[in-house]
Amino acid sequence: MVPVIQIAILVALLGAWQLAVDTKSISEFFFGSPTGTFRELYEWIRRGTVQGPLWQQAWVTLQETLIGFGIGVVLGVLLGMVLGRIPLLARIFNVYIGTLNSVPRIVLGSVFIIWFGLGMGSKIALAVVLVFFTVFFNAFQGARDVDAGLIANAKILGAGRASVLLNVVLPSAFSWIIASLRVAFGLAITGAVVGEILGATQGLGLLIQQSQGNFDPDGVYAGLVVTTLLAAVAEGLITLLERRLLRWKPRGRPSPAPAT
Amino acid sequence: MRSSIAARDAPASGNAPPLLELRSLTKRFADPKQGARTVVEGFDLELRPGEFCALIGPTGCGKSTVLSMIAGLERPSGGIILADGAELTGTDPRTGFVFQNDAVFPWKTVLGNVAAGPRFRGAGRHEAGDRALDWIRRVGLSGFEQHYPHQLSGGMRKRVALAQTFVNHPRILLMDEPFSGLDAQTRQIMAGELLGLWEALGASVLFVTHDLEEAIALADRVVVLTARPATVKEEFVVDLPRPRSPREIRFHPRFVELHEEIWSSLSGEVQIAYDRATTVI
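In order, the protein sequence lines correspond to chains A and B. FYI, the numbering used here numbers position 249 of the first sequence as 249, with every residue one higher than the one before it. With the second sequence counted from 1, adding 1000 to any position gets you the numbering used here.
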């Protein structure tokens, strides 16, 4: 019943929009229309975009997203765990990380384009920066949050430092880290697309940016739809991963909130 | 296993050399208000091979700190701990520890939890698994090997904790109010099973509790501790027959006598602890 209502609401909203455009209540030139968006998408799929086939544009953005996500997650987890387990390091680097975190990071996109050029490198860098902080703070909190009783138990059972890290600290921090991955992936896509909008030779962001330049709202929407699809598929995959890795958790217990 | 049974025929008789020896053990914690807070002071105790010794004292007297120091989780501020005549520093493969709270790993299955000890100590996956399965059976958890702790009841999780500790064959078994989180019935059942497992294992047990009945029902010797700082106040030999059933032994006339004797020693300390806890400083 709920999905039916959900679909009905969507259809009603799109229908109202289309109706408003058809009756000239709002300007199609500025606001575009659902049918126009679908037409644009259909054209992109059938004939390709002005920059080449659609799948190629999507693949470029996806690559930037995945590589940026991967690097950001690995760096975030590593640094978060190290600083979380070594209080002295945490005290030293606290101020740097706090300051860097308060920099409006999207602006770094411009810096990266100057540094790394119009290719994929600058987009990956932006995605890494966005992902890193999200994952880092969660990994840091997770590594500090480990139950001291479990560490004591592991030590008495015979675990050395490495075993404690692998068998207690890491799994314990995992629930925190995984909670941040969902948000982090959204940020990775944001980083890649914004990077492309700021300056690129390929990608969905460039497609959106060019549509904007041509005063083509339907093109912007179409780019948005493709980006959203990518994000939705990724989110589904992360949910599967979460289920697999957090099998040991009772269902329904809220997982720690991601620090964004 | 034979030798351990022989050792238990003469509990606390003093013939066997001590397995564990605490000599004037002291623990102070830094306290911003008073400078230092002494939790354990001049603590002397000997534990013979195969002996079941209960430490009883008022809540918050520092009993747990004594166990933590023996386990190597905390460093003593003074005094020494000897095991087999050699000084014990840090965690030791001879000791096992059953915690008050659930200390089983929530992300490991029952099998993974019980096999953890042997794995940490270098056993192969196969061997560790076999030994774990044996102990899972002995604590009566067959069929639950692939369950995660959150799927088990409190009593079952406690059995996992026992199997996890026993699979390492500890010679010195430290237990810190292990059954305090369980309801009264489960507690009695677990106490009975603990005695059965202990008789098979032959370890020396140091069992911390604040429940006098539990202490008498289980132990060969009950050591009464003072209110903080903890020191040994008095020792009582529990000359009740073995094997015992913790549920039935309570009706033994000697049990009632012992309860009376030990309580008269303990009650003063409990009163001191109670007064302290209810006094506004």
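Bear in mind the hints are in silico, worked out from the structure with no lab data behind them. Cβ atoms here follow ideal geometry from the backbone N, Cα and C, with glycine treated the same way. Among the hints, erroneous ones may be present.
Pair by pair, the computed Cβ-Cβ distance ranges are [as the list claims (entries may be wrong)]:
1. Asp1130(B) x Asp145(A): 28 to 36 Å
2. Val95(A) x Arg1121(B): 38 to 46 Å
3. Arg1121(B) x Asp145(A): 53 to 61 Å
4. Gln63(A) x Pro1093(B): 45 to 53 Å
5. Asn94(A) x Arg1247(B): 35 to 43 Å
6. Glu235(A) x Arg1247(B): 30 to 38 Å
7. Gly1078(B) x Val107(A): 42 to 50 Å
8. Ile238(A) x Pro1243(B): 28 to 36 Å
9. Gly1181(B) x Leu229(A): 47 to 55 Å
10. Asn94(A) x His1126(B): 39 to 47 Å
One-sided excerpt, in silico: chain A residues whose CB lies under 10 Å from chain B [as the list claims (entries may be wrong)]:
11. Val2
12. Val4
13. Ala58
14. Ala154
15. Leu157
16. Gly160
17. Val168
18. Leu245
19. Arg247
20. Pro250
Inset, instruction - Check each numbered hint from earlier against the structure, then list the numbers of those it violates in ascending order. - result: Violated hints (numbers, rising): 3, 5, 6, 7, 8, 11, 12 and 13; every other hint is consistent with the structure.
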